[in-house]
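Given these sequences and hints, build the entire structure.
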Amino acid sequence: MAISRRLFHSAIEEGGMGMHLILLASMKDQGKSVIEAREAMLPFLENGLLALEQRFGPQAAINEAKLAVFDLNNASDEVGMLSINSMQQTKYYHKLRDEKAKNSSVPTSNAAVSIMLFLLRTARTLGNKVWVDLDLVTEQAGVSFGQINIECMSLEESGLVEFDVMEGVRVTDEGLYIARKLKDWLEWSEKDNHETASHGKGRDDENKTLQKPMFSLWNVVLYLFMASAILKMVAHFVRG
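Residue numbers (the numbering used here): 120 to 359.
One or more hints might be untrue.
Unchecked claim - Below, computed lysine-lysine pairings styled on DSS-like, alpha-carbon distance capped at 30 Å:
id	residue 1	residue 2
1	K310	K214
2	K248	K302
3	K300	K310
4	K302	K221
5	K214	K300
6	K302	K219
To be verified - The calculated label-pair distances, taken between Cβ atoms and stated as ranges, are:
id	residue 1	residue 2	range
7	Q178	K300	42 to 50 Å
8	S223	W250	40 to 48 Å
9	R174	L245	40 to 48 Å
10	K221	E286	30 to 38 Å
11	K310	P162	22 to 30 Å
12	R240	L169	38 to 46 Å
13	E258	K302	15 to 23 Å
14	E293	D252	19 to 27 Å
15	F264	D292	23 to 31 Å
16	W307	N182	38 to 46 Å
17	E258	P162	28 to 36 Å
Calculated directly from the structure, the hints in this document are not laboratory data. Where a beta carbon is used, it is the ideal one built from N, C-alpha and C, also for glycine.
So, in structure tokens, the structure goes:
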């Protein structure tokens, strides 16, 4: 699985914050839907939680599991800043994957694309030399607070942004070029799809209904892990 090992192990070393989001982004980069990604990443997440428990204790694993339940249940295949139907999304991400084969720096995860499009918008107003506050990016790009650092680190590795936890993030010249291309490809994907928008919405609603039992199963697995960790922690206190 094409996981960024540096990011994944860094997340574990720092107490697990965002470990599940690295897994989700890695799975989605392979073209999996959110539902498919959740199912495929579960064994990796379980091993990561066990590593957290061994290194930092049960509470660290519990905290990460809680974040996973919230973030992954609220994850979607939509891009945070975009209002496009499912057919347009499919067309768009097929295009992104084709372009990534030509240029490895092209982002394909929903969050990364949304961040780059927002930075393009701010650069048009303020220029690309101004640092953009992370809270603003989180709010406007529709990316969760736990995910923003990981996505920005990944974009920085690709040379698309400069990232500083205190200063924020700003797009590089290369990033500005890629962001403009992302915008162009988005506009291309929106063409000739107006007639299918209502049909796409109906399918999306049907898919959400069908996916609800899987959400429940996901919750059960993670909550069972948290319950096990809590029992171990209580047993440790009793013995102590």
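Structure-based check of all given hints:
1. K310 - K214: 13 Å, holds
2. K248 - K302: 20 Å, holds
3. K300 - K310: Since the Cα atoms of K300 and K310 sit roughly 16 Å apart, the hinted pair holds (cutoff 30 Å).
4. K302 - K221: Since the Cα atoms of K302 and K221 sit roughly 17 Å apart, the hinted pair holds (cutoff 30 Å).
5. K214 - K300: Given that 30 Å is the threshold and the Cα spacing comes to 11 Å, the pair holds.
6. K302 - K219: 15 Å, holds
7. Q178 - K300: 42 to 50 Å: 44 Å, holds
8. S223 - W250: 40 to 48 Å: 26 Å, violated
9. R174 - L245: 40 to 48 Å: 41 Å, holds
10. K221 - E286: 30 to 38 Å: This hint holds: roughly 32 Å between Cβ atoms.
11. K310 - P162: 22 to 30 Å: 41 Å, violated
12. R240 - L169: 38 to 46 Å: 42 Å, holds
13. E258 - K302: 15 to 23 Å: 20 Å, holds
14. E293 - D252: 19 to 27 Å: Between E293 and D252, where Cβ atoms are some 22 Å apart, the hint holds.
15. F264 - D292: 23 to 31 Å: 28 Å, holds
16. W307 - N182: 38 to 46 Å: 42 Å, holds
17. E258 - P162: 28 to 36 Å: 34 Å, holds
Hint compliance for this structure: hints 8, 11 are broken, all remaining hints hold.
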